[in-house]
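Asks: Below are the chains, spelled out letter by letter.
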Amino acid sequence: MTEAPLTVPQLADAGTAPPGAPAGEAPPAARSRSGPAANVWRAIGHNRKALVGIAMLAFFAVVAAFPGQIAPDDPQAEIYQPGAGPSLHHLLGTTAYGQDIFSQLVWGTRLSFVIAFAVGGLATALAVLVGVSAAYLGGLGDGILSLITDVILVIPIFPLVIVIAAYQKNAGLLTLIIVLGALGWSYGARQLRSQTLSMRTRDFLMAARVRGERKLYIILFEILPTMTSLIVAAFLGGALYAVLTAAGLQFIGLGDPNSQSWGTMLYWAENNEALGAGMPLWAIAPGVCVALLGAAFALVNYAFDEISNPALRPVRRRKSVDVER
Amino acid sequence: MSDELLRTEGLTRHFRVGRLARQQTLHAVDDVNFTIGRAEIVALVGESGSGKSTVANLLALIYRPTKGEIYFEGRPLSRVKTRRQRLAYSGDVPMVFQDPYSSLNPAYRVSHGIARGIKLHRSDLARQERGAELERVLETVGLVPAADVRRKFPHELSGGQRQRVGFAQALAFRPKLIIADEPVSMLDVSIRAGVLNLMSELRRREGVSFLYITHDVASARYIADRVLVMYAGHLVEEGPAEEVLQRPKHPYTQLLLSAVPDPQAPLGLADTTDVGEPPRVVDPKEGCRFQPRCPYAVAECGKVTPALRSIGSGRRVACHVAEADAPVAAEPAATA
Amino acid sequence: MTAERQPAERILEVRGLRVAYASDGGAVVAVDRVDLVLSRGEFLGIVGESGCGKSTLLYAISRLLSPPAAIIGGEVLFHGRDMVTLAEDELRNIRWRQLSVVMQSAMNALNPVLTVGAQMADACRAHSNMSSAEITARSREMLRLVSIDPIHLQSYPHQLSGGMRQRAMIAMALLFTPELVIMDEPTSALDVVAQRSLMVQIKELQEQLGFAVIFVTHDMSLVGHFSDRLMVMYAGQVVELGSTRQVFERPCHPYTGGLLEAFPSIHGPKVELLGIPGSPPDLARPPMGCRFSPRCPLAAERCGVVEPGQYDVEGDLVRCFRYENVDQPEAAAAAGAPGGSP
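In order, the protein sequences belong to chains S, E and F.
When you line the first sequence up against the numbering used here, it's residues 1 to 325, in that order.
When you line the second sequence up against the numbering used here, it's residues 1 to 336, in that order.
When you line the third sequence up against the numbering used here, it's residues 1 to 342, in that order.
Chain S on its own, in the form it takes in the complex (with noise of 0.2 Å):
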């Protein structure tokens, strides 16, 4: 009993859609390279937003890569003529200590990745196991989960934050890292959360129940490979809350004041008065950069919500050229 062999993929496909669908039929796209990953890379090719964001960040991580090269002056030298302005050999002028603003910019670049990686990472991997767990266990280890994660969610992070980071004497750069990943996974953990009750119906994971499959397995293979989009605008969303709460907490002097970072820069221009005192580019410059990094975070974050909620995709017009062939 054979059906006629398969030819191009088809999804105006003959299942009867369930009861309560969408009104219409959905448009059939057909796709000739699939699989999740594949998917992912065309969303963002076709995502202005996160193209922009990625070239951004691309920008960024060549500079963090390589700071020599593009700046092969020594950041904390304080051997130049103290409060230039702009010119050949400074590119953005010196701080009121005779340091090349430029090179400072260059090389804080490093330590501004580092941490929004370091802690997009932690909030992200604390965020997946909470949440998903709760979701999981159900029951009393939901409860407990979930008041957990909504009493965190609720405290003011950047006061509870400051609170924290003063205890610590030298607020170095593990601390920050692990201060801030600490508090900042409840929201994506709700998120999760929310993804995984929805997908408790979900044939799949019944099929992987039945077939006798361990629920650790399950959680980590069945489960979270269908969150992927979910859990790295996660990941982008702490990496991009990193960014800002760590410039932040430079800025008013809780970290390390004589790390090389942009929130750095920006205390000491503010110890300085910078902006009053003529120096307005040592300023500006590190709190630029801090925006800019965030925006290329919130831009590629944008096309993975596009990517998990078709909902949120904009209504193209016709389009003459195919998808790909």
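Hints are supplied without guarantee of correctness; some may be wrong.
[To be verified] Each computed SDA-like pair below joins lysine to any residue, with the alpha-carbon atoms no more than 25 Å apart:
1. E:Lys81 <-> S:Arg214
2. S:Lys215 <-> E:Pro106
3. E:Lys152 <-> F:Pro287
4. S:Lys215 <-> E:Ala60
5. E:Lys152 <-> S:Gly141
6. E:Lys152 <-> F:Pro294
7. S:Lys215 <-> E:Ser53
8. S:Lys215 <-> E:Arg203
9. F:Lys270 <-> E:Leu257
10. F:Lys203 <-> E:Pro295
11. F:Lys203 <-> E:Pro261
12. S:Lys215 <-> E:Leu120
13. E:Lys81 <-> S:Gly138
14. E:Lys81 <-> S:Gly141
15. F:Lys270 <-> E:Arg203
[As the list claims (entries may be wrong)] Here are a few chain E residues that sit away from chain S, every Cβ distance over 10 Å (derived from the structure):
16. Arg22
17. Leu61
18. Gly74
19. Arg79
20. Glu135
21. Arg247
22. Asp283
[Claimed, not checked] Sample of chain S residues at the chain E side, in silico, Cβ under 7 Å:
23. Arg202
24. Asp203
25. Phe204
26. Val210
27. Arg211
28. Gly212
29. Glu222
30. Pro225
31. Thr226
Everything labelled a hint here was simulated from the structure, so no lab data went into it.
Computed from a predicted structure; not experimentally measured.
Ideal Cβ positions, reconstructed from N, Cα and C, are used throughout, including at glycine.
Assemble chains E and F onto chain S, guided by the hints.
Replies: Below, chains E and F without anything else, positioned relative to chain S:
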């Protein structure tokens, strides 16, 4: 159709519903007894709320019975406790699900579920043989060329093809009984025939039994050897498929059959005054659950819950009135 | 059936309607040149499987489409006025007073946080100037008409059973006793017994109040008992349109025939079901010629190259080359249909 494969005795499943202060008990399945033989297709027919899906979940060990027992090949399922035992049982009795759109993990190719199943249940196969087995089951369910199909993602297949993958997953375990929970109700009509025929084929060629759960009596007639009718958690009628569906004894079965639209039946408007729906059975009292809607109800129906009793020639009915009407002798004379 | 009624006027005429979706790969035509005519009090069933365009057609007729779907051609004449070109406020006059819609799933269509009474009042106020007292009286009357105790005006949708919810939706649709009620699979979420009683109810109401019905469903056998005429759709096109009796007793189009034979029956001998193997075509790239030809057991070479038109077979419109020469049916059979390809 000779050996008994599975038997339930007094199978019961209750759920607690309601808030803390006012807890009630939902009687999803009450005192259900039936058997399934080897290479037999048994249809479990009922509307939503009848308990048929709960029976499926009980047989698949998703729930444990509140009362009663299930015997598989003579051994009680309550003794299945260790992971090994559960694995062995689910290899013998897998389940195929209703919704082709959610029964396959969208993140993986369709070979994923089958491969996992083979890994977990077919330790008799060497690693090299597993790939061949995967393709064999795909071919058995009619998905050819198997080497191409196994690399596809679920969204590249149609609903009918996805259901076939579901059957392939079940077949990979070398099962004895497949629980098919409404496998065709979400498929287009033109595709259903193919999947129904597949089930008959599998029974014929591989000797697999099926518990075919459905609300569609016509498809039950098409492939089933025996039919079980459920209403409000009770089994109300049982017998050979053709017998039950042509000469229904229980008033509910009669109602069900009269409501089925049939394009081959002569066109005309049959009057239906019944607008009732199956009850949600919460903290029920004694008495027949169909009685409020039954045109033949007598006084006893409201007081004594009718038990499922044999009325001859392999038929059983749970109805005081039907029982009273049944001939005393076991075999009916000639059937027209 | 219709013999007793006086010759009915046409209330709805659809001519050459085309609806398309904008998608990544270009425009996808979901409804392709559909014609239909509906008379007063007539019950028209539209039957087809998923992807055939029947729901899109319905929403196009009632002007409920939203981007990326749009009507790209044709007209929808309701009492002679082209609905496609009407503005929103003019449409509002027609909506619910003359034309109402019953959606597929009551749980999705009814507002879960409003009582049934509140929603009916909403509908009344949106389309008329009825006073509160009039609204309440009318609502009670409509609920009674569909056999729901008027006390349920105070109920929320989740407190009603599935069948009752659907009947409440129908009551809402009939508030202004419209001339045309469009129904999109209103029974698909119901069990077979509730389904039947709902259909009987709809038919009784129709005969009592005299409204026309367009009933969309994938279940041909369900609508076959109640409709006057039947329209079968496939891949966005109408493949057969005729009186229900004729379509059931003598289906012309191979798809209709295949569909009828795909239903297992309760009565009569047990026959092997064949179904229709294969899948409907991808509407982004419809096949050349007849859209059903890849799956048609009677397809000829020509079918895969040239698109068939609609031919009249004793009042039944069929989109199939086998009926091209209706005057000489034997000649057509001899000349036009050599051994088919599967």
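Asks: Tell me if the interface restraint on S:Phe204 is satisfied: Cβ within less than 7 Å of some Cβ in chain E.
Replies: Since the shortest Cβ distance to chain E is 4 Å, the answer is holds.
Asks: May I ask you to test the interface hint for S:Glu222 with respect to chain E, counting a Cβ-Cβ separation under 7 Å as satisfied?
Replies: holds (6 Å)
Asks: Would you check whether S:Asp203 satisfies its interface hint, that is, whether its CB is within less than 7 Å of any CB in chain E?
Replies: holds (4 Å)
Asks: Is the straight-line distance between the alpha-carbon of S:Lys215 and that of E:Arg203 25 Å or less?
Replies: Given pair S:Lys215, E:Arg203 is violated - Cα atoms ~32 Å apart, limit 25 Å.
Asks: Should the label of E:Arg22 as a non-interface residue stand, given a Cβ cut-off of 10 Å to chain S?
Replies: E:Arg22 clear of chain S: closest Cβ-Cβ about 20 Å, beyond 10 Å.
Asks: Holds or violated: is the Cβ of E:Glu135 farther than 10 Å from all Cβ atoms of chain S?
Replies: Holds: least Cβ distance 14 Å, greater than 10 Å.
Asks: Would you check the hint for S:Lys215 and E:Leu120, treating anything up to 25 Å between C-alpha atoms as holding?
Replies: Satisfied, since the Cα-Cα distance of roughly 14 Å is no more than 25 Å.
Asks: Classify the hint on S:Thr226 as holds or violated, based on whether any CB of chain E lies nearer than 7 Å to its CB.
Replies: holds (5 Å)
Asks: Would the hint on S:Val210 be counted as holding, given a Cβ-Cβ threshold of 7 Å to chain E?
Replies: holds (5 Å)
Asks: Is the shortest C-beta separation between S:Arg202 and chain E less than 7 Å?
Replies: holds (4 Å)
Asks: For the restraint on S:Gly212, tell me whether the closest CB of chain E is nearer than 7 Å.
Replies: Hint holds; S:Gly212 Cβ to chain E Cβ min 4 Å, cut 7 Å.
Asks: Keeping to a limit of 25 Å between CA atoms, is the pair of S:Lys215 and E:Pro106 held or broken?
Replies: Roughly 19 Å separates the two Cα atoms, so the pair holds.
Going down the numbered hints, you'll see the structure goes against 5, 8 and 17, while the others check out.
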